[in-house]
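K.L.:
Sequence:
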Amino acid sequence: MSVQTTLSEDGRTYTIAIDGRFDFNLHQQFRSAYEQVDPKQVHYQIDLKTTEYMDSSALGMLLLLRERAGGDKSDIDIVNCPPEIRNILTISNFNQLFKIS
Numbered sequence: 314m315s316v317q318t319t320l321s322e323d324g325r326t327y328t329i330a331i332d333g334r335f336d337f338n339l340h341q342q343f344r345s346a347y348e349q350v351d352p353k354q355v356h357y358q359i360d361l362k363t364t365e366y367m368d369s370s371a372l373g374m375l376l377l378l379r380e381r382a383g384g385d386k387s388d389i390d391i392v393n394c395p396p397e398i399r400n401i402l403t404i405s406n407f408n409q410l411f412k413i414s
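Counting from 314, one number per residue, gives the positions in the sequence shown under the numbering used here.
Bear in mind the hints are in silico, worked out from the structure with no lab data behind them.
EDC-like, lysine to aspartate or glutamate: derived pairs with alpha carbons at most 16 Å apart:
no. : residue 1 : residue 2
1   : LYS412    : ASP388
2   : LYS412    : ASP385
3   : LYS412    : ASP360
4   : LYS386    : ASP351
5   : LYS362    : GLU397
6   : LYS353    : ASP388
7   : LYS353    : GLU380
8   : LYS353    : ASP385
9   : LYS412    : ASP390
10  : LYS353    : ASP323
11  : LYS362    : ASP390
12  : LYS362    : ASP332
Using the sequences plus the hints, can you model the full thing?
P.N.:
Structure follows, in structure tokens:
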């Protein structure tokens with residue numbers, strides 16, 4: 314389980330990659346990751362390519378990020394979703410709150 318961050322060369326896209334289980338144990342790391350940058354200056358991208366599991370606390374963490382990024386005005390992409398993770402996000406109607414691919 315880990316959280317890794319990268320800022321694009323142009324400084325506009327901030328990627329947070331979740332490896333392994335995305336659950337309450339990552340709460341502090343995930344929060345620290347998204348608080349490192351000014352949400353008015355970057356576009357957040359959450360990369361779930363190597364995420365094996367996601368629970369309700371992970372959904373809550375995504376909602377907290379969305380709130381910090383401007384709520385309804387936020388621009389957050391969730392990318393590289395494995396089928397199981399995409400299913401969880403869709404059932405939870407997160408496709409109405411985030412751009413999911």
